[in-house]
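Kindly produce the complete structure, drawing on both the sequences and the hints.
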Amino acid sequence: MTARHRAPGRVAVHLLLWGYAVVALLPLVVMVLNSLRPTSEIFTAPLGLPASPTLRSYGRVWTEASFGAYLLNSLVVTCGAVLLGTAVSALAAYPLARYDFAGNRVLGAYFLAGLMLPIRLGLVPIFYLMDSMGLIDSLLGLTLLYAASGVPFCVFVLSAFYRSLPGELDEAARLDGAGEFRIFGQIMLPLVRPALASVMLFQFVPLWHEFLYPLVLLRSDERFTIPRGLSQFFGEYTTDWSALFAGLVLATAPLFVLFVLATRQIIAGMTAGMSK
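Residue numbers (the UniProt record's numbering): 1 to 276.
You may find that some hints are simply not true.
Pairwise CB distance ranges, derived in the manner of DEER restraints [said to hold, decoys possible]:
hint, residue 1, residue 2, range
1, Val-124, Leu-72, 28 to 34 Å
2, Ser-52, Ala-113, 54 to 60 Å
3, Gly-179, Val-30, 55 to 61 Å
4, Tyr-128, Arg-10, 52 to 58 Å
5, Thr-239, Ser-132, 32 to 38 Å
6, Ala-160, Ala-69, 21 to 27 Å
7, Glu-171, Pro-254, 41 to 47 Å
8, Cys-79, Val-124, 25 to 31 Å
9, Thr-44, Tyr-128, 45 to 51 Å
Read the hints as simulated data drawn from the structure, not as lab findings. Note that the Cβ used here is the ideal one computed from N, Cα and C, for glycine as well.
As structure tokens, this is what we get:
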């Protein structure tokens, strides 16, 4: 009787999940199909199938729009920002979670306040700050900005994971003569590896698609990231939709590969501690 009562609920949940999957994947399917046909055909049948599929738009995006340079710039900026921001956050979150010192709560609240203030609100002061430091039209400046923007979220998540680790680990390591840096590097960091993978992925996705700050801070075509570079397909009177869709497919492909490779770590990071 219990299984019989649960069956309709399971069916409803599966139908809901499959419906969500279809709604989420439909724009991606339309994007791929439209990248395989010319712009004139897109206007006549936006949701139709390609009459004669072609990869010509991909070739034009890669050669005429210097997509390879945009891809390299995005990889340098995004990977550099994620690695730097995660490293700083891991070092900051550890003492906040594992040590009781004066100002601990105030410092934790300071990091938490960063989650309440969107970085886009600081566009004007950040621009003047970057200009005074000579970091306008610089990939380094964009990398430092992105790294700093992800620190509050990473500190918040990693602090919770550090607190969930038993205190006996620290005591046993100290009794064996391990120093604080060795405890942090060889014991604590490996234990929060799922959390590190999760926060790195959650930083990577929005930074990969970030458009506002590259638009404001970058001036030279050779330094454009993918979102800034693809904006050149939008003209005042016409838009090359076929090339734009092809560029979007190429820009989305690294994220798809990243999600496939990191799925196990994401699930482990999200479900850690649920069995306690």
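- Message: Hint by hint, where does the structure go against what was stated? Just the numbers, ascending.
- Response: Of the numbered hints given earlier, the structure breaks just one, which is hint 6.
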